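Undergrad: Chains as they are written, first to last, in our numbering: chain P, 1 to 210; chain G, 1001 to 1107.
You may find that some hints are simply not true.
Claimed, not checked - Take a look, some chain G residues computed to stay more than 12 Å from chain P by CB distance:
1) E1056
2) R1080
3) R1081
Stated by the list, open to error - Simulated pairs of lysine to any residue, SDA-like, Cα-Cα distance not exceeding 25 Å:
4) G:K1065 / P:A95
5) G:K1054 / P:G100
6) G:K1054 / G:P1009
7) P:K62 / P:I180
8) G:K1054 / G:P1072
9) G:K1054 / P:A18
10) G:K1065 / P:P59
11) G:K1065 / G:S1024
12) G:K1065 / P:R93
13) G:K1054 / P:D7
14) G:K1065 / P:G106
15) G:K1065 / P:L107
16) G:K1054 / P:N26
17) G:K1054 / P:P13
18) G:K1065 / G:R1083
19) G:K1065 / P:S103
20) G:K1054 / P:E8
21) G:K1065 / P:S94
22) G:K1054 / P:E21
23) P:K62 / P:G51
24) G:K1065 / P:R104
25) G:K1054 / G:D1008
26) G:K1065 / P:R24
27) G:K1065 / P:S102
28) G:K1065 / P:N26
No lab work stands behind these hints: they were computed from the structure.
What you are looking at is a predicted structure, and each value in this text was computed from that prediction instead of being measured.
Here a beta-carbon is modelled for each residue, glycine too, at the ideal position from N, C-alpha and C.
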Amino acid sequence: MEPTDDDEPLGNPADSLALIERERANLVRDIAPDPRLMYGSWGIAWLLGFGLLFLRFGPDGKVFVDLPEWLPLTVLSLLFIAAGVITGVTGARSAMQTRGPSSRQGLMYGLSWSIAFTGMGVLFGQFGDVLPDDRLGLLWAGGLVALTGALHMAGGAIWDDRELFILGAWTSAINVAGIIAGPGWHSLIVAIAGGGGMLVAGLLGWLRRR
Amino acid sequence: MTDGAELDPVIHAQARLRVVSALSVLREDDQVTFPRLQDSLRMTAGNLSVHLRKLEDAGYVEVTKTHQGRTPATFVRLTRRGRLAFEEYQEALRALLNPAPISEEKL
Chain P
1 MEPTDDDEPL
11 GNPADSLALI
21 ERERANLVRD
31 IAPDPRLMYG
41 SWGIAWLLGF
51 GLLFLRFGPD
61 GKVFVDLPEW
71 LPLTVLSLLF
81 IAAGVITGVT
91 GARSAMQTRG
101 PSSRQGLMYG
111 LSWSIAFTGM
121 GVLFGQFGDV
131 LPDDRLGLLW
141 AGGLVALTGA
151 LHMAGGAIWD
161 DRELFILGAW
171 TSAINVAGII
181 AGPGWHSLIV
191 AIAGGGGMLV
201 AGLLGWLRRR
Chain G
1001 MTDGAELDPV
1011 IHAQARLRVV
1021 SALSVLREDD
1031 QVTFPRLQDS
1041 LRMTAGNLSV
1051 HLRKLEDAGY
1061 VEVTKTHQGR
1071 TPATFVRLTR
1081 RGRLAFEEYQ
1091 EALRALLNPA
1101 PISEEKL
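Construct the complete structure from the given sequences, taking the supplied hints into account.
TA: The structure is reproduced here in structure tokens:
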């Protein structure tokens, strides 16, 4: 039943070193969450969600596509819920493959996102009747993107992951650019540069582990 | 030719070298579930168990049987001793590829 040949050593040291690298890469890939799901789901949510917001609520109240007023925010919310579930489940499944300090780090990092966004939502919810609609939209979107950028940079620091840090810094920078440009433009910039940045991050991560 | 006489016999067997290589990815004190390791190594459960037992006997890996809720779960980690043996094994392989001057080796 047990194959006997795998009890034998490989004849050549170079083959052994190649075998070592192959098995190391295999396990890294098998226990890390799929970057296409972790980044891609959010990239698509930002691209479509903020894209629709831009088309309906453009700069200076311009309407590029006459969608029902409720549609962009509803789609954005649903896409965010879907992306949250996808990344939560993917991350949790990955964390369950291992036990120990790394798994705890992952759990704490995942919880940080939920707790931080809940706090932000409670705060911004207080301003619903104080600000005009376009300013209120900018407050929510700008806060959400700023927090996302900050948590990605923190993730880069935790795992010594340069690309994750760059993604976070990039997201933070385009957020500031969008905020200065004003409502409408912010949606466009976040959709293309922010969502696009996450899609690129997911693609690069996936290409590297193939 | 290199017959591996000076290489650690415990991890010189190809299957056990694969197990130790995969486990070396984990950070110290991190453990991986048995099924995930088995999947990643593409070994049968029986085969992996046999090799883990030999590595455990050498003090290179630690196998922990526990429960996640009601389902039994087995976790595997590389011990400090196993990591050291693995590093020395890799050093030995590299030395075989790039031999030091003979005069030094004889000393």
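Undergrad: Hint by hint, note whether the structure agrees.
TA: Against the structure, the hints come out as follows:
1. E1056: Given that every Cβ of chain P is farther than 12 Å from that of E1056 of chain G, nearest at about 17 Å, it holds.
2. R1080: For R1080 of chain G, whose nearest Cβ neighbour in chain P is about 14 Å away, the distance exceeds 12 Å, so it holds.
3. R1081: Non-interface label on R1081 of chain G holds, nearest chain P Cβ at 18 Å vs cutoff 12 Å.
4. G:K1065 / P:A95: The given pair, whose Cα atoms are some 18 Å apart, holds under the 25 Å limit.
5. G:K1054 / P:G100: holds (24 Å)
6. G:K1054 / G:P1009: holds (11 Å)
7. P:K62 / P:I180: holds (18 Å)
8. G:K1054 / G:P1072: Between K1054 of chain G and P1072 of chain G the Cα gap is close to 22 Å, so the pair holds against 25 Å.
9. G:K1054 / P:A18: holds (23 Å)
10. G:K1065 / P:P59: violated (61 Å)
11. G:K1065 / G:S1024: Holds - the C-alpha atoms of S1024 of chain G and K1065 of chain G are around 20 Å apart, at most 25 Å.
12. G:K1065 / P:R93: Cα-Cα ~20 Å, so holds.
13. G:K1054 / P:D7: holds (11 Å)
14. G:K1065 / P:G106: holds (23 Å)
15. G:K1065 / P:L107: holds (22 Å)
16. G:K1054 / P:N26: Satisfied, since the Cα-Cα distance of roughly 22 Å is no more than 25 Å.
17. G:K1054 / P:P13: holds (22 Å)
18. G:K1065 / G:R1083: With Cα atoms ~21 Å apart, K1065 of chain G and R1083 of chain G stay inside 25 Å; holds.
19. G:K1065 / P:S103: holds (18 Å)
20. G:K1054 / P:E8: It holds: about 14 Å lies between the C-alpha atoms, which stays within 25 Å.
21. G:K1065 / P:S94: holds (20 Å)
22. G:K1054 / P:E21: holds (22 Å)
23. P:K62 / P:G51: Status holds; Cα separation ~14 Å.
24. G:K1065 / P:R104: Judged against 25 Å, a Cα distance of about 19 Å means the pair holds.
25. G:K1054 / G:D1008: holds (13 Å)
26. G:K1065 / P:R24: holds (24 Å)
27. G:K1065 / P:S102: Holds - the C-alpha atoms of S102 of chain P and K1065 of chain G are around 19 Å apart, at most 25 Å.
28. G:K1065 / P:N26: It holds: about 24 Å lies between the C-alpha atoms, which stays within 25 Å.
Of the numbered hints listed earlier, the single one contradicted by the structure is hint 10.
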